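Peer 1: Listed below are the residues making up each chain.
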Amino acid sequence: MLYFGVVLGFGMRKIIFFILLASSVFAAEWAVVASSSFKPNSLTQKQIKDIFLKKKSYIDSQEVFPVNLSANEKGRMSFEDKILSMDRAELGGYWVSQHYQGITPPITQKSQAGVKAFLKSVKGAIGYVEKIHLEADMKVLYEF
Amino acid sequence: MKKYIFACSCCCSLLFGYEPGEGIELANSLKVGGYITAKYESGKDTSVGMLDDIAFIAYGNIGSHTRYLFEMENVGRYSHNFSNGKVSQTGAFRPERAVIDHSFSSHLNLSIGKMITPVGYWNQTPINVLRDTTSSPLVATNIFPKLITGAQLYGDAPHVEDVEYTVAAQSSRDLDEKYNNFMIDRFFGLGAKYTINDDHEIKAYAGSFRERVTLIKRNFTHLAYKFEKNEWQILSEAAYSTIDASNSKNTTAGGGFVQSRYKINSKNYAIARYEYYFDAHENEKQHLAVVGYNYRPIYPVSFKAEYQLSSTPDRSRFLCSISALF
Numbered sequence: 060m061l062y063f064g065v066v067l068g069f070g071m072r073k074i075i076f077f078i079l080l081a082s083s084v085f086a087a088e089w090a091v092v093a094s095s096s097f098k099p100n101s102l103t104q105k106q107i108k109d110i111f112l113k114k115k116s117y118i119d120s121q122e123v124f125p126v127n128l129s130a131n132e133k134g135r136m137s138f139e140d141k142i143l144s145m146d147r148a149e150l151g152g153y154w155v156s157q158h159y160q161g162i163t164p165p166i167t168q169k170s171q172a173g174v175k176a177f178l179k180s181v182k183g184a185i186g187y188v189e190k191i192h193l194e195a196d197m198k199v200l201y202e203f
Numbered sequence: 389m390k391k392y393i394f395a396c397s398c399c400c401s402l403l404f405g406y407e408p409g410e411g412i413e414l415a416n417s418l419k420v421g422g423y424i425t426a427k428y429e430s431g432k433d434t435s436v437g438m439l440d441d442i443a444f445i446a447y448g449n450i451g452s453h454t455r456y457l458f459e460m461e462n463v464g465r466y467s468h469n470f471s472n473g474k475v476s477q478t479g480a481f482r483p484e485r486a487v488i489d490h491s492f493s494s495h496l497n498l499s500i501g502k503m504i505t506p507v508g509y510w511n512q513t514p515i516n517v518l519r520d521t522t523s524s525p526l527v528a529t530n531i532f533p534k535l536i537t538g539a540q541l542y543g544d545a546p547h548v549e550d551v552e553y554t555v556a557a558q559s560s561r562d563l564d565e566k567y568n569n570f571m572i573d574r575f576f577g578l579g580a581k582y583t584i585n586d587d588h589e590i591k592a593y594a595g596s597f598r599e600r601v602t603l604i605k606r607n608f609t610h611l612a613y614k615f616e617k618n619e620w621q622i623l624s625e626a627a628y629s630t631i632d633a634s635n636s637k638n639t640t641a642g643g644g645f646v647q648s649r650y651k652i653n654s655k656n657y658a659i660a661r662y663e664y665y666f667d668a669h670e671n672e673k674q675h676l677a678v679v680g681y682n683y684r685p686i687y688p689v690s691f692k693a694e695y696q697l698s699s700t701p702d703r704s705r706f707l708c709s710i711s712a713l714f
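Heads up: the sequence lines are chains A and V, in that order.
Residue numbering for the first sequence follows the working numbering, beginning at 60 and increasing consecutively.
Residue numbering for the second sequence follows the working numbering, beginning at 389 and increasing consecutively.
By construction, these hints were calculated from the structure, which means they are not laboratory data.
Please read all numbers here as calculations on a predicted model, not as lab measurements.
C-beta: ideal position from N, C-alpha, C; glycine also.
Possibly wrong hints are sitting among the right ones.
Unchecked claim - From the structure, some residues in chain V lie toward chain A, with a derived Cβ separation under 10 Å:
1. Gly451
2. Ser452
3. Leu498
4. Leu518
5. His669
6. Asn671
7. Tyr687
Said to hold, decoys possible - Pairs of lysine-lysine residues, derived as BS3-like cross-links and limited to a Cα-Cα distance of at most 27 Å, are as follows:
8. V/Lys637 - A/Lys113
9. A/Lys113 - V/Lys419
10. A/Lys198 - A/Lys114
11. A/Lys114 - A/Lys179
12. A/Lys169 - A/Lys198
13. V/Lys419 - A/Lys108
14. A/Lys114 - V/Lys581
15. V/Lys474 - V/Lys432
16. V/Lys614 - A/Lys113
17. A/Lys108 - V/Lys474
18. A/Lys115 - A/Lys169
19. A/Lys105 - V/Lys651
20. V/Lys637 - A/Lys114
21. A/Lys114 - V/Lys432
22. A/Lys113 - V/Lys432
23. V/Lys566 - V/Lys655
24. A/Lys182 - A/Lys113
25. V/Lys637 - V/Lys534
26. A/Lys179 - A/Lys108
27. A/Lys113 - V/Lys474
28. A/Lys141 - A/Lys105
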């Protein structure tokens with residue numbers, strides 16, 4: 060009985076461990092954020108994509124200013140994959156064609172601290188940070 | 389060639405933080421760039437090589453809601469006809485675009501100046517390097533003016549999701565009509581774009597314009613559809629135009645094209661296009677089948693080759709080009 064209890068206990072611990080591991084792997088780790096004064100309470104993936112591709116500069120009556128992490132920062136690739144649904148080559152081609160139209164890519168910040176500082180200083184700014192770096196005065200608009 | 393392009397890119401990156409094809413930022417509100425095209429064309433009676441296009445663009449923001457764009461272009465810089473040995477050159481850079489754009493809200497944006505006519509998809513990217521083929525479909529170049537000098541209002545349609553509108557008007561001479569396909573002094577048009585989902589879009593446009601010298605009035609309607617998913621892009625446009633020449637009988641022109649593009653990988657694209665075009669005014673009717681290949685070692689550099697098989701045998705031709713955006 061004790062043997063089965065030990066085996067069951069060990070098995071259960073393993074199951075719980077794997078559940079926790081899986082949830083940490085698959086759970087959203089990043090959040091698209093803005094300052095708390097940002098009017099919309101949430102955005103759809105398409106709205107965020109349009110903002111970061113500079114197709115939209117307003118959401119409802121809120122003017123928006125996207126800020127990206129630098130190209131080699133972690134999170135940027137995930138953002139491009141999950142939100143923009145574009146690979147680097149596609150995105151490069153897109154911005155080349157926008158250059159002809161006189162439209163530049165979003166400004167970039169080298170770190171998440173830089174993104175957070177930008178959000179605080181520019182009204183309507185929207186960026187993305189790891190959820191562990193969320194602060195009280197930030198509004199989460201989308202998780203990925 | 390790859391090494392040369394790579395070396396140039398590295399030098400510019402070190403000097404200006406330059407990304408190929410994305411211009412150089414000279415100041416906070418001033419970015420400059422340009423493009424260049426060389427092409428070769430060989431048909432039944434002609435064999436011509438030319439440095440076709442050199443252009444410089446400058447753009448930037450004036451405050452957070454206003455931006456400007458200025459483009460100077462030199463078309464037909466150098467041309468050598470190998471059939472008769474004739475060489476021609478033009479040295480003049482002329483204003484291709486000069487536009488100020490102000491955003492009031494998502495529903496209301498205003499552009500004033502000389503700008504690309506907001507019709508269809510093909511006309512929005514009229515430079516070689518951004519196109520899939522060296523040639524342009526006849527229906528995208530012969531039905532409406534590619535540029536207008538006037539004002540355009542555009543934005544998201546109020547109360548209708550995923551629909552954008554545009555209204556454009558001109559009531560003066562072109563800022564510089566030399567490189568426009570029609571010399572016009574009147575234009576009015578309105579259009580809409582509906583984004584069905586991430587993959588499908590449609591556009592509709594109706595317009596009217598007057599040719600300045602002949603006073604011929606043309607009314608046109610235009611429909612465009614774009615599908616893009618994974619490796620495939622399907623682009624189709626159709627237009628119909630009535631030509632009201634006061635000193636002769638009224639006639640019509642129109643046609644359409646369907647083009648499919650297959651992305652083999654990020655550098656190689658295969659293109660096939662079918663076109664139909666008629667112009668009763670010019671007594672012309674033509675079917676065209678185009679097969680082409682586009683190689684982009686990096687996206688802003690394009691090597692293209694295509695063959696056009698025309699129902700008018702004299703017009704079948706081979707074209708190739710090298711173009712770059714910088």
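Peer 1: Mind checking the CB of V/Gly451 against every CB in chain A and telling me if the closest is under 10 Å?
Peer 2: violated (12 Å)
Peer 1: Does V/Lys637 pair with V/Lys534 here, judged by a C-alpha cut-off of 27 Å?
Peer 2: holds (25 Å)
Peer 1: Within a Cα-Cα threshold of 27 Å, do A/Lys141 and A/Lys105 meet the stated pairing?
Peer 2: Given pair A/Lys141, A/Lys105 holds - Cα atoms ~11 Å apart, limit 27 Å.
Peer 1: What's the verdict on A/Lys114 and V/Lys432, does the C-alpha distance respect the 27 Å limit or exceed it?
Peer 2: It is violated: about 45 Å lies between the C-alpha atoms, which goes past 27 Å.
Peer 1: Against the 27 Å threshold, does the CA-CA distance of A/Lys198 and A/Lys114 hold or violate the hint?
Peer 2: It holds: about 22 Å lies between the C-alpha atoms, which stays within 27 Å.
Peer 1: Sort out whether V/Lys581 lies within 27 Å of A/Lys114, counting only the CA atoms.
Peer 2: holds (13 Å)
Peer 1: Regarding the pair A/Lys114 and A/Lys179, is the alpha-carbon distance no greater than 27 Å?
Peer 2: Cα-Cα ~23 Å, so holds.
Peer 1: Have a go at the V/Leu498 hint: is there a Cβ in chain A nearer than 10 Å to its own Cβ?
Peer 2: violated (14 Å)
Peer 1: Holds or violated: are the alpha carbons of A/Lys113 and V/Lys432 at most 27 Å from each other?
Peer 2: violated (46 Å)
Peer 1: Does A/Lys105 pair with V/Lys651 here, judged by a C-alpha cut-off of 27 Å?
Peer 2: Since the Cα atoms of A/Lys105 and V/Lys651 sit roughly 24 Å apart, the hinted pair holds (cutoff 27 Å).
Peer 1: Holds or violated: V/Lys614 and A/Lys113, Cα atoms, limit 27 Å.
Peer 2: holds (20 Å)
Peer 1: When you check the alpha-carbon spacing of V/Lys474 and V/Lys432, does it fall within 27 Å?
Peer 2: holds (17 Å)
Going down the numbered hints, you'll see the structure goes against 1, 3, 5, 6, 8, 17, 20, 21, 22, 23, 27, while the others check out.
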